[in-house]
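> Below are the chains, spelled out letter by letter.
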Amino acid sequence: METEIIVTDSLTKFYGKIRGIEDISVKIPSGGVGFLGPNAAGKTTLIRTLLGIIRPTRGSAQVLGYDIRHEINEVRDRIGYVPEFNTSFIPDTTAMSFVAFCGRMNGLSYPESKQRASDSLFYVGLGEERYRKFDTFSLGMKQKVKLAVALVHDPEIIICDEPTNGLDPSGRVQMLELIRNLQIDEGKNVILSSHLLRDVEKTTDYALVISEGEILAKGNIRELTANKRSTVSVKVKSKYNDLLEALEVNGLNVWTDGAFIEVEKTPAVEKEIFIIANRIGVDIRYLGSRSRSLEDVFVSLFKEQEVQIH
Amino acid sequence: MSESIKSSEAYVKKFAFRPFDGVRRGRIYRLGAISWQWWIHEWKRSKAVKFLIGFLIFTFILMNMFLLFTRDMMLAMDPDLTTNDLLEDNLFTMVRGIVSFGISFEVESDNGMSEAQFNFGGTSIFILILLVIVGSGLIADDISNQTTEIYYSKLEKYEYVLGKFLAFFIFGNIVLTLPYVFEFFLLVVGLGNIDLITAFPALVHVILFTEIITITYSAIILAFSSLTNRRLYAGLTSFMLIFTVNMIVSSLTLSGGEAGFEILFDVLTVLLLTSYILTGATTVEYRSFRGIQSINLIDGVGIEGWMVLGALGLFILLGFLIVVVQVWRHSK
Ligand SMILES: Nc1ncnc2c1ncn2[C@@H]1O[C@H](COP(=O)(O)OP(=O)(O)OP(=O)(O)O)[C@@H](O)[C@H]1O
Ligand SMILES: [Mg+2]
Chain A
1 METEIIVTDS LTKFYGKIRG IEDISVKIPS GGVGFLGPNA AGKTTLIRTL
51 LGIIRPTRGS AQVLGYDIRH EINEVRDRIG YVPEFNTSFI PDTTAMSFVA
101 FCGRMNGLSY PESKQRASDS LFYVGLGEER YRKFDTFSLG MKQKVKLAVA
151 LVHDPEIIIC DEPTNGLDPS GRVQMLELIR NLQIDEGKNV ILSSHLLRDV
201 EKTTDYALVI SEGEILAKGN IRELTANKRS TVSVKVKSKY NDLLEALEVN
251 GLNVWTDGAF IEVEKTPAVE KEIFIIANRI GVDIRYLGSR SRSLEDVFVS
301 LFKEQEVQIH
Chain B
311 MSESIKSSEA YVKKFAFRPF DGVRRGRIYR LGAISWQWWI HEWKRSKAVK
361 FLIGFLIFTF ILMNMFLLFT RDMMLAMDPD LTTNDLLEDN LFTMVRGIVS
411 FGISFEVESD NGMSEAQFNF GGTSIFILIL LVIVGSGLIA DDISNQTTEI
461 YYSKLEKYEY VLGKFLAFFI FGNIVLTLPY VFEFFLLVVG LGNIDLITAF
511 PALVHVILFT EIITITYSAI ILAFSSLTNR RLYAGLTSFM LIFTVNMIVS
561 SLTLSGGEAG FEILFDVLTV LLLTSYILTG ATTVEYRSFR GIQSINLIDG
611 VGIEGWMVLG ALGLFILLGF LIVVVQVWRH SK
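Here the protein sequences line up with chains A and B, keeping their order. For what it's worth, this note's numbering labels the leading residue of the first sequence as 1, then goes sequentially. For what it's worth, this note's numbering labels the leading residue of the second sequence as 311, then goes sequentially.
In isolation and in its complexed conformation, chain A is listed as follows (with noise of 0.2 Å):
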C-alpha cells in the first residue's frame, strides 16, 4: 500500500438511535478495496458519509486528503459511485441524455459531457444502446448504466455498492470484470462493498471487513486469508483420540472439527503428522491441507464476535 486514498477518524453515524456506524477508523490503500460484510453492517452508511450524502455524528475524514466536512465537493467530483439501490431512471430519457447529464452535474461542459458519456458507455458496453430509452433497458443493462455514470466525470475513485444486485451469474462475472478492469488496466481506485465473499476476492486486492458498524478485519486479503490459520486436516479410521493426544504431546496446535483432526500449519506438518502416526499405528485415510477462503475468515471472524457478545 503505497499511499492512503480515505483515512478515516472514529468516524460514527448513529440515525437517531440506531447505529450505522460506529468509531470508524481507517486508513484505505489505493488500489482495490473491498468492504465486506453481511448486511445492516453499516458498509452503505459508511459509503453514503464520505459521499457527504449523511453527515456522520461525529468524526472525521479525507478523501485524497479532501476533509468531507468542508471540500465535500472536491471529493464528490473525484468519486464516482455506483449506489445499491435499484435505480429504475427515468422511463422516456436516453442513457447517453441521462449519463452526459451526470458529467454536467460533476462540472463537465456540455460537449465534453457528451463525449465523455459516449465513452463511458461504450467501457461498459452499452455502446450500441446508448440512444434507447431506459425503459427498454434490463436490470443488467441499467446496473451498466450506473457505473457508466460513475464512470463519466473521471474520478479518481469509484465507489460500487453492491454492484452485483440481481445479476444473472453472467451479468456478475461480467460487472465484476469490468470493475477489475477499472483498477488494472485504468489504474482507478476501486472500491466494492458486497456481502458476497467471492466478489471480494475476485475483484480486489485488499478487503475491510465490517459488522454491526464496525470494522473486525482489514488487511490484503492474502494475510487475511493466508497460512498463519491455515491448517491441515486429518481424518483417521480409528483411534481419533490417541491420535489428537500424540499431535498435541508434540507440540502441534491441534483441535477438533467433526470427524477431522484440524492442525495449525507448519512448515513440514504434514511429515510430522506421518511420523507421528505411524509411531502410534494410526492409519491415516485423509490428509490434506486447507487454505482459508477470505469466506472462513469472515464466518471466523463473525463467531468470535458472537461469543464476545454473548
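Please keep in mind that the hints were generated in silico from the structure rather than gathered at the bench. Just so you know, nobody snuck in bad clues.
If you anchor each label on the Cβ, the simulated ranges turn out as follows:
1) His70(A) - Gly332(B): 19 to 29 Å
2) Val7(A) - Arg337(B): 19 to 29 Å
3) Asp388(B) - Ser109(A): 51 to 61 Å
4) Val173(A) - Ser454(B): 24 to 34 Å
5) Asp382(B) - Ser109(A): 50 to 60 Å
6) Phe14(A) - Phe571(B): 44 to 54 Å
7) Trp616(B) - Thr136(A): 49 to 59 Å
8) Phe368(B) - Pro169(A): 56 to 66 Å
9) Met383(B) - Tyr110(A): 50 to 60 Å
Listed below are several chain B residues computed to face chain A (Cβ distance under 8 Å; list not exhaustive):
10) His351
11) Arg355
12) Asn455
13) Ile460
14) Lys464
15) Leu465
16) Ser641
None of these values were measured; they are calculated from a predicted model. C-beta atoms are modelled at their ideal positions from N, C-alpha and C, and glycine is treated no differently.
Since chain A is already given, all that's left is putting chain B with the ligands on it; use the hints.
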C-alpha cells in the same frame, strides 16, 4: 461517429478514460444543467405540453386580433380614452386573467362606473394545467425512480432543490412572463400613439406580477411533487388546491359588505389581490359566482393589504419548507 471506428472495442481503446484535464464548471452551471435536463425531458415526454403551449399562443393571437379590431370603435365611443389607457387596461386584465377563473375584480373608476373588462379565464386554466403537468414530476419522478441518490452523490441537497426550482422558474418565465412582455410591445406597436414613459409602469407590473405567480405556483407544485412519488397524484392534488379551493371559496361568498377572511385561503384570489396592491389600488370589487363585494385594503376593517401579502408569503414559505423537509427526509 467516424467510419474508421469499426468495433466498440477499438473505440474503447482509443478514447476511454482520456484523463479529464479541463476546468470543472461552477455551481451555477450545474444548477442550470438540472433545469436544462428537465426542460428537454418534459418537452420530449409529453404531447400535452406541446399542445398546451400551442394553444396558449393561439389564444394570444386571438385576443390581440380582438383588441386591435375594436380599438377604433372604443376610441370613438369615449373621447377621453387614450391608447395608453387601452394598453394598460387590456394588459392588466390579461395578466390578471392568469389567476382568475370564476372571479374577477374591478377597480372603481372615477365616475362610479365599473370599467368593462374581458374575462380570459379560459387561458388561465390552461396555463395552470400546463404548469401542473410539467411541474408535478420535478421531484416525484426522482423519488419514484430512485435517481435522487445519484444527484446527492454529485451535488449538495440544497443545490438539487435550487436546481429544481430554477427549472420551474425558467419555465414560468417562458410561458408567463415572456408572452406578456411580448404582448406589451405588440400592443405598443398595434395601438399606436403610445407614450412609452407613461406606459412603462405597466410593463414593470406585468413582469413583477408574473414572477410572483411563477414563484407561488412553483412553491405549491413542487411541495406536492416532493410529498408523493407519483407525478399524477402530485399533479392532481396541486391542481385541486389551486383550482378547487378557488371554486369553493368563491361560491361561499354572500352578497354585500366586506369579503370574508376565507378568501385568504384561496391562492388565486390572494394573487389577484396582490396585483391590485402592486398597482396601488385601495378599493377593489370582488365578484364571485354569487355576488359582488367590495374590499377596502387600507381601512382597518376586514381584509387588509398586509394580510393579503402575508397570506401569499405564507403560501410560498410553506411550499418551500415542505420541499426542503421532504428532500432531507428522503435522503436519510
Ligand atoms: N435511513 C436509515 N434510517 C435508520 N436506520 C438506517 C438507515 N439506513 C441504514 N440504517 C441502519 O443502519 C445500519 C447499517 O445499514 P447499512 O445500510 O449501512 O448496511 P449495509 O452494510 O449497507 O447492508 P446491506 O448489505 O443490506 O446493504 C442498519 O442497522 C440499518 O438498519
Ligand atoms: Mg448496503
